[in-house]
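Protein chains in written order, with our numbering: chain A, 1 to 213; chain B, 1 to 213; chain C, 1 to 213; chain D, 1 to 213.
Don't take every hint at face value.
Which copy is meant is left open, so a pair is good if it fits within one copy or across any two.
To be verified - Derived pair list, reagent style SDA-like, types lysine to any residue, alpha-carbon separation capped at 20 angstroms:
id	residue 1	residue 2
1	Lys139	Gly54
2	Lys82	Gly54
3	Lys117	Trp208
4	Lys59	Asn25
5	Lys59	Leu22
6	Lys82	Glu127
7	Lys82	Asp137
8	Lys117	Lys210
9	Lys133	Gly54
10	Lys210	Glu161
11	Lys210	Leu119
12	Lys169	Glu99
13	Lys82	Val143
14	Lys210	Gln151
15	Lys73	Thr158
16	Lys59	Ile192
17	Lys133	Asn25
In case anyone wonders, no lab produced these hints; they're calculated from the structure.
Number of protein chains: 4
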Amino acid sequence: MALNMRQVINPKKAEQLVELILWINSRGWSPATSTNYSFKNSENPLTITISQSGIDKSKFSASNLMLIDGDGKPLQDFSHLKSSAETYLHTVLYQENPEVQVILHTHSVYATILSQKYLSEGQLLLENYEVLKGLGDIKTHEVSVPIPIFQNTQDIATLSEEFRALYRKMPDMQGYLIAGHGLYTWGKSFEIAKRQLEVLEFLLECEWRKMLF
Amino acid sequence: MALNMRQVINPKKAEQLVELILWINSRGWSPATSTNYSFKNSENPLTITISQSGIDKSKFSASNLMLIDGDGKPLQDFSHLKSSAETYLHTVLYQENPEVQVILHTHSVYATILSQKYLSEGQLLLENYEVLKGLGDIKTHEVSVPIPIFQNTQDIATLSEEFRALYRKMPDMQGYLIAGHGLYTWGKSFEIAKRQLEVLEFLLECEWRKMLF
Amino acid sequence: MALNMRQVINPKKAEQLVELILWINSRGWSPATSTNYSFKNSENPLTITISQSGIDKSKFSASNLMLIDGDGKPLQDFSHLKSSAETYLHTVLYQENPEVQVILHTHSVYATILSQKYLSEGQLLLENYEVLKGLGDIKTHEVSVPIPIFQNTQDIATLSEEFRALYRKMPDMQGYLIAGHGLYTWGKSFEIAKRQLEVLEFLLECEWRKMLF
Amino acid sequence: MALNMRQVINPKKAEQLVELILWINSRGWSPATSTNYSFKNSENPLTITISQSGIDKSKFSASNLMLIDGDGKPLQDFSHLKSSAETYLHTVLYQENPEVQVILHTHSVYATILSQKYLSEGQLLLENYEVLKGLGDIKTHEVSVPIPIFQNTQDIATLSEEFRALYRKMPDMQGYLIAGHGLYTWGKSFEIAKRQLEVLEFLLECEWRKMLF
Numbered sequence: 001m002a003l004n005m006r007q008v009i010n011p012k013k014a015e016q017l018v019e020l021i022l023w024i025n026s027r028g029w030s031p032a033t034s035t036n037y038s039f040k041n042s043e044n045p046l047t048i049t050i051s052q053s054g055i056d057k058s059k060f061s062a063s064n065l066m067l068i069d070g071d072g073k074p075l076q077d078f079s080h081l082k083s084s085a086e087t088y089l090h091t092v093l094y095q096e097n098p099e100v101q102v103i104l105h106t107h108s109v110y111a112t113i114l115s116q117k118y119l120s121e122g123q124l125l126l127e128n129y130e131v132l133k134g135l136g137d138i139k140t141h142e143v144s145v146p147i148p149i150f151q152n153t154q155d156i157a158t159l160s161e162e163f164r165a166l167y168r169k170m171p172d173m174q175g176y177l178i179a180g181h182g183l184y185t186w187g188k189s190f191e192i193a194k195r196q197l198e199v200l201e202f203l204l205e206c207e208w209r210k211m212l213f
Numbered sequence: 001m002a003l004n005m006r007q008v009i010n011p012k013k014a015e016q017l018v019e020l021i022l023w024i025n026s027r028g029w030s031p032a033t034s035t036n037y038s039f040k041n042s043e044n045p046l047t048i049t050i051s052q053s054g055i056d057k058s059k060f061s062a063s064n065l066m067l068i069d070g071d072g073k074p075l076q077d078f079s080h081l082k083s084s085a086e087t088y089l090h091t092v093l094y095q096e097n098p099e100v101q102v103i104l105h106t107h108s109v110y111a112t113i114l115s116q117k118y119l120s121e122g123q124l125l126l127e128n129y130e131v132l133k134g135l136g137d138i139k140t141h142e143v144s145v146p147i148p149i150f151q152n153t154q155d156i157a158t159l160s161e162e163f164r165a166l167y168r169k170m171p172d173m174q175g176y177l178i179a180g181h182g183l184y185t186w187g188k189s190f191e192i193a194k195r196q197l198e199v200l201e202f203l204l205e206c207e208w209r210k211m212l213f
Numbered sequence: 001m002a003l004n005m006r007q008v009i010n011p012k013k014a015e016q017l018v019e020l021i022l023w024i025n026s027r028g029w030s031p032a033t034s035t036n037y038s039f040k041n042s043e044n045p046l047t048i049t050i051s052q053s054g055i056d057k058s059k060f061s062a063s064n065l066m067l068i069d070g071d072g073k074p075l076q077d078f079s080h081l082k083s084s085a086e087t088y089l090h091t092v093l094y095q096e097n098p099e100v101q102v103i104l105h106t107h108s109v110y111a112t113i114l115s116q117k118y119l120s121e122g123q124l125l126l127e128n129y130e131v132l133k134g135l136g137d138i139k140t141h142e143v144s145v146p147i148p149i150f151q152n153t154q155d156i157a158t159l160s161e162e163f164r165a166l167y168r169k170m171p172d173m174q175g176y177l178i179a180g181h182g183l184y185t186w187g188k189s190f191e192i193a194k195r196q197l198e199v200l201e202f203l204l205e206c207e208w209r210k211m212l213f
Numbered sequence: 001m002a003l004n005m006r007q008v009i010n011p012k013k014a015e016q017l018v019e020l021i022l023w024i025n026s027r028g029w030s031p032a033t034s035t036n037y038s039f040k041n042s043e044n045p046l047t048i049t050i051s052q053s054g055i056d057k058s059k060f061s062a063s064n065l066m067l068i069d070g071d072g073k074p075l076q077d078f079s080h081l082k083s084s085a086e087t088y089l090h091t092v093l094y095q096e097n098p099e100v101q102v103i104l105h106t107h108s109v110y111a112t113i114l115s116q117k118y119l120s121e122g123q124l125l126l127e128n129y130e131v132l133k134g135l136g137d138i139k140t141h142e143v144s145v146p147i148p149i150f151q152n153t154q155d156i157a158t159l160s161e162e163f164r165a166l167y168r169k170m171p172d173m174q175g176y177l178i179a180g181h182g183l184y185t186w187g188k189s190f191e192i193a194k195r196q197l198e199v200l201e202f203l204l205e206c207e208w209r210k211m212l213f
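One chain only, chain A, in its complex shape (with noise of 0.2 angstroms):
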């Protein structure tokens, strides 16, 4: 079986994270230790490269990632390392569309609050934004654009699970919340999964501001 092949990092692909992970960080999307991201390493069998849990973001390097297989198993060589807790969050995605190839989950300041303040509602909608035409195949601000709110738990297993049956009905979610933690956004490129990234955290900012209205 392909597994039992020696497996290595994509190191194009890890350069290319690494350059986001410090832009995210510069960004002060990813506080402390907080936060985590993947990329698809190989497809068949699939496996996924992601970040070790507990590493300061700014300091953050390709030693800092590790090889998981599709049920977040850690392949031969990592198998000494831990990675993210949250790692199920990234291997359910993968599992479902075959055509993410990078996942990003940041912890901003706004998307800590906004998901608290929402989370009774099930979700955040977003509307009326020109900037919305840089989420998915979205061609107009004339839509509404509903982010899914979960609520914040240890156990990652059941919350993957969750998160499994609510994007078998919405395939076409551009990203979700977890209360008081974070903010999950994907795509099939860098290019593509930095972009959905930059404008959900543009109008979590957008959507704090209009509270003082």
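Following the hints, complete the assembly by docking chains B, C and D onto the known chain A.
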């Protein structure tokens, strides 16, 4: 006809525009791949250097520029490229005012949300700020500067004609907003266009913060 | 008379001022071409090095400085240059207090809007902050520091005499605001002037944020 | 006695502290010459490396550090220098908890104003944030973390004994605030102290922004 002659992008101006675009990005005024920028490349025939559509502005370089004619049509060597979706908002202004050399369209949080808030009034009025002296030929803070606000639309051709009509009535217009979308401003030089932009973005932030009073 | 001697800008002090101006710009306290800065160049005769009018502070260099006499008149080699429109606000303070070596005028968002808000009270009162110990000879947070606010005007000659009159009554003044315009502060050295500035800008931000309480 | 032996500042730790101080300054958490920092230099006898008083943290270098004994007295080669006015708040904690290796005192806008607001309640309670897992041994967001708030005073000797008494009752204290003054936090290593600081400053910002809800 002159347009049959090979036209090239003015390299010195391209460098100035790229420097300005990267500075704007560092201020957070061009999230995702939003915003667009241009300068007048030649007077007669009118040709315009404009940013291509869909570029991440944090990585913008001169290779992301292209040449269009005064009606927004890509020139010969650039016909395989797509200029910004808002190209007509640039061309109309160059047609109307031969003094305009540079046009900047930014997409800050404050421009996005204040344009939504004041859309029903049709404008945002800026008054009694010293820094208004940085706009046009204004010599005193005792002045009222209206910033018109247009409803957002994906029909840029129509919007550009609405802008043309208003600009003819308001030849001293310093900039305008599109609701939920952003700011346009311009100048007779890069220095002036940048100064106009700084004044307006600064005052949008002031206006938002004063809502807490 | 000494003024007939060729006067040159002190190169070491010019370097210190330029470094400070660029730092101030990086903080966002000098938008567009606003703000002005000076240091005492020689004591007897009194000559002052001051920033020229209309310079983009993000690109400020020593070549954007000029020499004036104690009354604000450009010295011989600089007579073709225009000093800041607010030159008299500098010269009056050097005339009144021989200990002042450096004067800084910034234009932050908080200074702009809080000076508008508190203009009718004539001052902003700063109290009970530990960082007030960074001002002048203050040794405790249990102190009230009034920051006078002047009405904005384009008649700087008159404003400078209003300032002179108030300064004589308040010799321990730590800085002052001009409504919708910005902050002036100063010190016996570059280090002290910078510290005064940081304290005051920090506390202006505190005062604004406390409006949400 | 060991204190008679020549003591030197640990150069590797000095470098780590300087790097951290400059990073803290870049975040805007050490305005003017506020804030102070230390690490345990030797265990037995207890010696402490601490920042000198009155240094601009944007220019902090290892030459701005000094050595004190466990009671806050400058060691032989440093007797001409003045350590931070808040030295006793450092020494008491090293005396009380031998595991503490690094102490950080920052002075952000949010720490300054929230400590004023919640002083009458004696503490700020942090609850239901995922990032609380970055503090101490906390394993879940379902936790209440009290951050005690002390009245500000210039009598640091007395304040340090008040802190000692409270710390004995709250050995799992994660940090504390002094009203209108700032935050203290610490750790068993530079990495942990930095993480504690990032968590607490992030959550202070969250708490302030949630006041708009």
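Against the structure, the hints:
In this homomeric assembly, Lys139 and Gly54 come within 20 angstroms of each other (Cα to Cα) only across copies, at 13 angstroms, whereas the closest approach inside a single copy is 39 angstroms. In this homomeric assembly, Lys82 and Gly54 come within 20 angstroms of each other (Cα to Cα) only inside a single copy, at 9 angstroms, whereas the closest approach across copies is 38 angstroms. Proximity of Lys117 and Trp208 under a CA criterion of 20 angstroms is satisfied in both settings, with 10 angstroms inside one chain copy and 14 angstroms between copies. For the identical chains of this complex, Lys59 and Asn25 are neighbours both inside a copy (9 angstroms) and across copies (17 angstroms), given an alpha-carbon limit of 20 angstroms.
In this assembly of identical chains, the alpha carbons of Lys59 and Leu22 lie at most 20 angstroms apart whether taken from the same copy (8 angstroms) or from different copies (15 angstroms). Within a single copy, Lys82 and Glu127 get their C-alpha atoms no closer than 39 angstroms, and across copies no closer than 27 angstroms, so neither meets the 20 angstroms cut-off. Taking the shortest Cα distances, Lys82 and Asp137 sit within 20 angstroms of each other only across copies (17 angstroms), while inside one copy they are farther apart (36 angstroms). In this assembly of identical chains, the alpha carbons of Lys117 and Lys210 lie at most 20 angstroms apart whether taken from the same copy (14 angstroms) or from different copies (9 angstroms).
Proximity of Lys133 to Gly54 under the C-alpha cut-off of 20 angstroms is restricted to the inter-copy arrangement: shortest distance 11 angstroms between copies versus 35 angstroms within a copy. In this assembly of identical chains, the alpha carbons of Lys210 and Glu161 never lie at most 20 angstroms apart, being 34 angstroms within a copy and 30 angstroms across copies at closest. Taking CA atoms no more than 20 angstroms apart as the test, Lys210 paired with Leu119 passes in both settings, with 18 angstroms inside one copy and 14 angstroms between copies. For a Cα distance limit of 20 angstroms, the shortest separation of Lys169 from Glu99 inside one copy, 17 angstroms, qualifies, whereas the shortest one across copies, 51 angstroms, does not.
In the homo-oligomer, the alpha carbons of Lys82 and Val143 never lie at most 20 angstroms apart, since the shortest distance is 41 angstroms inside one protomer and 24 angstroms across protomers. Taking the shortest Cα distances, Lys210 and Gln151 sit within 20 angstroms of each other only across copies (18 angstroms), while inside one copy they are farther apart (24 angstroms). Within a single copy, Lys73 and Thr158 get their C-alpha atoms as close as 17 angstroms, which meets the 20 angstroms cut-off; across copies the closest is 54 angstroms, which misses it. When the C-alpha separation of Lys59 and Ile192 is checked against a cutoff of 20 angstroms, the pair qualifies only between copies, where the shortest distance is 14 angstroms, while the shortest distance within a copy is 24 angstroms.
Taking the closest pair of Cα atoms, Lys133 and Asn25 come within 20 angstroms of each other only across two copies (19 angstroms); inside a single copy the shortest separation is 25 angstroms, beyond that limit.
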